[in-house]
Structure formats: C-alpha cells, structure tokens
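Keeping their order, the protein sequence lines are chains A and B.
Under this note's numbering, the residues of the first sequence are numbered 279 to 690, in order.
Under this note's numbering, the residues of the second sequence are numbered 279 to 690, in order.
To be clear, the hints were calculated from the coordinates, so they are not data collected in a lab.
It cannot be assumed that every hint is accurate.
Where chains are identical, the list cannot tell them apart; a pair therefore holds if satisfied intra-copy or between any two copies.
To be verified - 30 Å max Cα-Cα, derived BS3-like pairs, lysine-lysine: (1) Lys503 / Lys414; (2) Lys624 / Lys457; (3) Lys556 / Lys617; (4) Lys414 / Lys378; (5) Lys341 / Lys617; (6) Lys341 / Lys414.
Each chain, letter by letter, is given below.
2 protein chains.
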Amino acid sequence: MIQIEKALQDQVEIISNGSVVSPRGFSAGGLFCGIRRKRLDLGWIYSYVPASAAAVYTTNLFKAAPLKVSKESIDQENRLQGVIVNSGNANACTGERGLKDAYTMRDLYAAQMGIEPHLVAVLSTGVIGEFLPMEKIQAGISRIGSVEQPADVVDFEEAIQTTDTCRKSCAVKITIDGKLVSIGGAAKGSGMIHPNMATMLGFITTDAAIDPASLQQALRQVTNKTFNMITVDGDTSTNDMVLIMANGMAENLTLNPSHKEWPKFINALEIVCRSLAKKIARDGEGASRLVEVTVKGALNDQVAAHVAKEVIGSNLVKTAIFGADPNWGRIICAIGYSKQPIDPEKVTVHIGPIKVVENSLPCGFNEEEAKNYLQQENIHILIELNQADGQATAWGCDLSYDYVRINASYRT
Amino acid sequence: MIQIEKALQDQVEIISNGSVVSPRGFSAGGLFCGIRRKRLDLGWIYSYVPASAAAVYTTNLFKAAPLKVSKESIDQENRLQGVIVNSGNANACTGERGLKDAYTMRDLYAAQMGIEPHLVAVLSTGVIGEFLPMEKIQAGISRIGSVEQPADVVDFEEAIQTTDTCRKSCAVKITIDGKLVSIGGAAKGSGMIHPNMATMLGFITTDAAIDPASLQQALRQVTNKTFNMITVDGDTSTNDMVLIMANGMAENLTLNPSHKEWPKFINALEIVCRSLAKKIARDGEGASRLVEVTVKGALNDQVAAHVAKEVIGSNLVKTAIFGADPNWGRIICAIGYSKQPIDPEKVTVHIGPIKVVENSLPCGFNEEEAKNYLQQENIHILIELNQADGQATAWGCDLSYDYVRINASYRT
Chain A
279 MIQIEKALQD
289 QVEIISNGSV
299 VSPRGFSAGG
309 LFCGIRRKRL
319 DLGWIYSYVP
329 ASAAAVYTTN
339 LFKAAPLKVS
349 KESIDQENRL
359 QGVIVNSGNA
369 NACTGERGLK
379 DAYTMRDLYA
389 AQMGIEPHLV
399 AVLSTGVIGE
409 FLPMEKIQAG
419 ISRIGSVEQP
429 ADVVDFEEAI
439 QTTDTCRKSC
449 AVKITIDGKL
459 VSIGGAAKGS
469 GMIHPNMATM
479 LGFITTDAAI
489 DPASLQQALR
499 QVTNKTFNMI
509 TVDGDTSTND
519 MVLIMANGMA
529 ENLTLNPSHK
539 EWPKFINALE
549 IVCRSLAKKI
559 ARDGEGASRL
569 VEVTVKGALN
579 DQVAAHVAKE
589 VIGSNLVKTA
599 IFGADPNWGR
609 IICAIGYSKQ
619 PIDPEKVTVH
629 IGPIKVVENS
639 LPCGFNEEEA
649 KNYLQQENIH
659 ILIELNQADG
669 QATAWGCDLS
679 YDYVRINASY
689 RT
Chain B
279 MIQIEKALQD
289 QVEIISNGSV
299 VSPRGFSAGG
309 LFCGIRRKRL
319 DLGWIYSYVP
329 ASAAAVYTTN
339 LFKAAPLKVS
349 KESIDQENRL
359 QGVIVNSGNA
369 NACTGERGLK
379 DAYTMRDLYA
389 AQMGIEPHLV
399 AVLSTGVIGE
409 FLPMEKIQAG
419 ISRIGSVEQP
429 ADVVDFEEAI
439 QTTDTCRKSC
449 AVKITIDGKL
459 VSIGGAAKGS
469 GMIHPNMATM
479 LGFITTDAAI
489 DPASLQQALR
499 QVTNKTFNMI
509 TVDGDTSTND
519 MVLIMANGMA
529 ENLTLNPSHK
539 EWPKFINALE
549 IVCRSLAKKI
559 ARDGEGASRL
569 VEVTVKGALN
579 DQVAAHVAKE
589 VIGSNLVKTA
599 IFGADPNWGR
609 IICAIGYSKQ
619 PIDPEKVTVH
629 IGPIKVVENS
639 LPCGFNEEEA
649 KNYLQQENIH
659 ILIELNQADG
669 QATAWGCDLS
679 YDYVRINASY
689 RT
C-alpha cells in the first residue's frame, strides 16, 4: 500500500510557480471594478474550448445566489468555458434580486467572451446581505479582454481574496497515455472555514480529457480528503464552492475509473487540492501556525476523520498552540467529546517527535523541548487510537488575538 | 400556558444572598490546602442528615476519576450526606492512581465527618493529567470542622473556582404542602464549557422531601433546559457534573411527579439552575457580555435548541458581538449550517428590539442604533423560524482578546 502511494508520488512533478493557467488552453485575469475600496475585486478564468466541468457546493441551507446559478450552468450539459468571480460582496441572503444579479453577471461575462451563458459559472465572496453593485460589475466585465487589461493569473489570484493575506496557487504535471497532463489550482479562504461538502472558493483546471461524470466523482473523492479536512473556525459559509474544468487539450484517452492511469490522475489532483487546502488553513484568519492532525488506528477512516476534525477545531487546543503550550489534556478532551467509538484506555498522542500520552496516560516528557517544538511554523499532532487501520489527516491553525481583531471589525 | 408559567413564577421568592446553605440543614466551607498557589482550593458541603441525591455527568469519553467515584457513591443507595471538592487539579487522565486518589479523598472526608464513604461525592476541577497532591489534601481535610476553620459558604464558593472571576450562587423559596421549601445552588465554570448531558460543576441543595428517582428526573429535565443550554467555547470537559441533594428537612409530603405541587418545585429548581447557568455564561473566559439566543417557531423544541446552540457557539457571531457589529449575516450563516429542518425563506431575526432580517432578507435598520444596543452588557437575539411552536433559549458570551490570552497561557 505504502509502496503504491510512493510510486504514485514519484510520477508527479510539481510545476514551479504553477497556477490555473499551467494546463494548456486556459487564461485568467483580474481587475479592480470598485466593489472593494482599493484591491482587485473581479476575476475570471477562460478555457479556449468548452471543458468538462464538475463542482461541489456548501451544505449551508442559505446557499448564495451565485451558487444556484453556477449549479444551473453546470447541470445543463456538465461543461464550462468560463468563470467569473467577484470579491467584496457574497451576494448571499439577497433574495430574488440577488438571483437576478447573479444571472446578469453570468450573462454579461458570456456576452463579453462570445460564449453561451450556460458555459459560465459565477462565484461571489465577501459580505453577506448586500446587493451587488451591478453598474460597477458591468463596467468591469466590459474591460475584460481589452488591450488595457491583459490576462495575468496573478491578478486573478488577488481578485478572489477577502481577508486572505497571500495568493494560493499550485500546479503539477503527470503523463497519461504518454501525453503531458497538467493540473492547476487557485483558492481563496481565510475565515468562515469549516467545509462539509464543498468549501470556500477553489478553482481547479486541467488539460486532461475526462468525462464529466468521472470528473465529478474525482472531485468529490479528493475534496473529502483535502478541502473538507480543513477548519479555521467551525463556520461553514453560504458561498463555499470548488469547481474543476477539464478541457481535454492534452489529448490523452478520455479518463474514467477504468483507465489504467486513473489512480495517477486522482493522486495528482489530490496533491493540488491538498496543497491549496493547507495554504488556506495556514492563512486562517489571524493564524501564526499551520497545524496538521493525523489520526491512525481508528475503527475506520470516517472515525479518524471525525476525531481529527474535532481536535483541529477545538478553540482550547488552538489557543494552547498559539501559546506554545504542550497542553495534551485539551487534545485528549477533544478526542473524548468527538462522540466516536474509541477506546478511552488506548490513546497515544505525539506532539511532533515528542510522545506526550501513552495508553491515555501522560508520559514524562521534556516540557521545554515540547514548547520549543510548538514555536515552529508547522505543527504536527499524531493521535493513535490503537484499534484498527482507519486513518485521516486534518489541517487547521492556531487561534490568536488577531483572529478576534479581524472578526470583531470585519464588516464595519 | 403563559398564564400558568406566570402563576408559577409568582409563587417563587428569590432569597437575597441565597446559597447552598439557604435550605435548612446544610453547611458549607472552603480552605486553602496548597494545590493552587494562593487561592482557596478545597471545599465541602455537608447535610445534617443523609439526603436523596442525583447527578448528571459529562458525556466526554475520558471521564475523570472523581466522577467515577461519585457515581459509585450515588448509585449505591441514591443518598449523599457530604461533598468534597478541590480546584487546581482535575484528577483526569490519571489512570489507576487517580482513581485510588479519588477514593482516598472521599474516604478521608467521610472519616473526618464520621459518615459512611458511600454518602460522599468527590469532585475535582483544574489541570488535566497531573496527580493530586494527596498529602496536601489529607492535611486540608483534617482541618475541616476545626475551630480555626468555621464553615463559611463564601469560602466554599471561592474554593471551587478556577479561571472564574466571581462566585456564582443563588437560592429561592416556595411553599409545598404549606411548608417552606428552599432550593440553593453554587456553580463554577468559565472555560471548556459546552455541556452535553451534565456540565461544569454545579451543586444544588434543597430541604424538600423528594424520592431519589423523582429527584433524578427533575434534575435531568431542568439541566437540559439550563446548564445544557450554555456554551462558552464548544469544549465539553472531562469533569462536568451537576449534583443535587434533598435532605427532607422541610417536612413536606414526599415529592414526585404525581404531587399536585410538582410543577411548582420544578419551576423553582429551574429558576435556580438557570440563574447559575447564566452566571457561568456571563463569566465565560474573557467574556465582556452575556448573550441570550431565543429560537421560536421551530418544528419542535429540540430543533430550536440545536439552532440556538449553533448560533451561540459560532466564533464569528461571538467576535461580531465583541466588536458590537450587528453582523446578522453571520447569524443567518450559523442557522444555515445547524443541519436542522428549517425553511431558508422564512427566518426573522431581531437583535434586541431591532428587526434585522425578515423572510431571510435584510430589512433596513438603523446601524447606529444596533451598534449601541450591542454595547450593552446583556445581548438578546431572537430568531423566529415561522414553522411551528418549538422554542428554546441558549446562553453564551462574546469572544474577546482575553479569551485567547487566558487560554494561551492557562497551564504554564
């Protein structure tokens, strides 16, 4: 098993400075249209040819208008050629008018690019409950593709941000049927992050040829192990969405689960999504550290995932890590209230290389060494339940003064 | 229905400066035995006669040793005559030795008071994973009842505290069968508060005569509407416990659900528990405000309770309140991810007297007025789901810089 994974890893090459335009046939850009005060706020991705498309959406009952419109676009023939996205305004809780605005935004971009509206997805992120400033958006869209507005993927990555402090992108390449296949991605997200089915905004592009149903299956499978395993604050947004476009320009034989190189594709997609997910967790609002919690030895993978997310989501664990306090008691406590079938006598916990709990009892450890470890930027916590083979990894961040500062004053 | 509730309320009198010793036949005290650095750390309650007893315990899988011992005591004949409790050390995750220590602590107090060990409950609160300093506890217990250590309920209320910033007590009186019946209570709790069955430490005394099974039923019923409806940080502790002792010295006819004045007793007990629960929420670590969320119009009371607790537990709602930001979008978002059967088109939200959302859409409101309201010490949020008659109220607090400060440095 480990050997197979190792072999798959070896077949993937990370593209340095890779992005959503690393795969053939995609362009992306961003501009300032005036929704935010100063920063870029309107972005787009365009594929030269219609691409197979799939998406996963938030489980929040209050789904924002753009999600409904994007879902309608994708459901029509499972293809997309363009994506238009704004930051600064989520177009959520905006009723009929919000829905109309989302359609208009989609149609304006489709007209600008000369493609069918149902080949366009529309996404929004930002403040909830305010109407989109449609005149500004219309003026912005009309500038896309003009000489003054050359497509630059860095502008796209900036235009999708809200409280993010950095751009988040990544790309890899593999060969399928002897053809070079690339997968690229971009994401935004920093607060209100605790996805449950989809998550924040994620954009994946690939030049692989793949049928839409297989693409949806691949995205779902990989999202569950990556984007859905991060949490910043336990809140699942109204606007979370991850979408993928596969334009087939690599000219491989059409991928599906029977294709002998399917596992290689899935693995490469997982690397891209995991990389983006970790970047989102590390950029959690106010975060000073990336925290990775791995649970092994659970009754099954689902149990492991629940326990890992409960620990990574605990405010008390997060504040302890912020304070570089090896407070394993809070880790044990979070495992204990995860409502999972674990054996409370058998738990082992490592903080980095330091074993702090064995058989659910504290083991003598060097407090100073543990404190030093917790001052690093990447913290790893390993929890062994010692029952069976289930495992999972979740990512999150510490809870700092800055989280409170950012969220006590975000809107006003 | 409202008239009945009103009539019940009118029959209850709040005892000014009431406490666990307001009911006849109880004494309580506290002292410093050296577990904490300076503050009182050993407390006790004693009933002159054995009392009917009942308790509810944490749902955390890692139950602390004292809970196991207390449960064994109570299960033996559903009676208690004394309670011994320490702060500064939770005696949790301490294995066989911790269990032995909890038995020893119980036996020492029983011997000191000349009563049977199984009539004693033992509770601990504080740091997880360290062994109790038994010599200090033994020395402390040996001073209980001495001339130098007169019983003072204020000392008890102080001795049970950890990061609490104030004592929490309350008592009421009613008449049952023409006899004066009092119910008193004390509680501690400030962090790791998100109870699920029992909660933090709560101590209720009454001189009512009541059979143990009815007492257990009353405690369960009332706890679910009070202590189990508060949350500070979503963490359910290993040591949460609420216990009640009823010594019968009021000489009423033995209470049970068939007694015509049973609703009056339940109502009085609920007033005591709600008062303590609200004091705990208000004293949440770092809290500057008490937040009350009422949900009405749900399909049933359970749905209402889930929604209320999801909203009160949202870090984003809590930080918005800390910042006096009427960010109703975060309230809507939390309602939306509560996974309850609500109608996403029908929600109305009030922040204090100000309607901010109607039919799930924002209504124009005076931002300045809402900001001013949120600067008060007691915040009330009303959510109307407009589906049926289910309702519930939950209590919590805002999330401040001080929460992070306290929890980034609690242990070390």
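Treating 30 Å as the Cα threshold, decide for Lys624 and Lys457: within, between, both or neither.
Result: close neither inside a copy nor across copies, 49 Å intra and 53 Å inter.
Homomeric proximity label, Lys414 with Lys378: Cα distance no greater than 30 Å:
Classified as within: same-chain Cα gap 16 Å, cross-chain 71 Å, threshold 30 Å.
Intra/inter-copy verdict for Lys556 and Lys617 if alpha-carbon distance must be at most 30 Å:
Intra 26 Å, inter 26 Å, cutoff 30 Å: intra and inter.
Can you give me the call for Lys341 and Lys414, within, between, both or neither, at a CA distance of at most 30 Å?
within (24 Å within a copy, 58 Å between copies)
Lys341 and Lys617: within-copy, between-copy, both or neither at 30 Å Cα:
Close inside one copy (28 Å) and across copies (13 Å); limit 30 Å.
At 30 Å max between alpha carbons, let me know whether Lys503 reaches Lys414 within a copy, between copies, both or neither.
Classified as neither; 38 Å inside a copy, 50 Å across copies.
In terms of the numbered hints stated before, the structure departs from hints 1 and 2, listed from lowest to highest.
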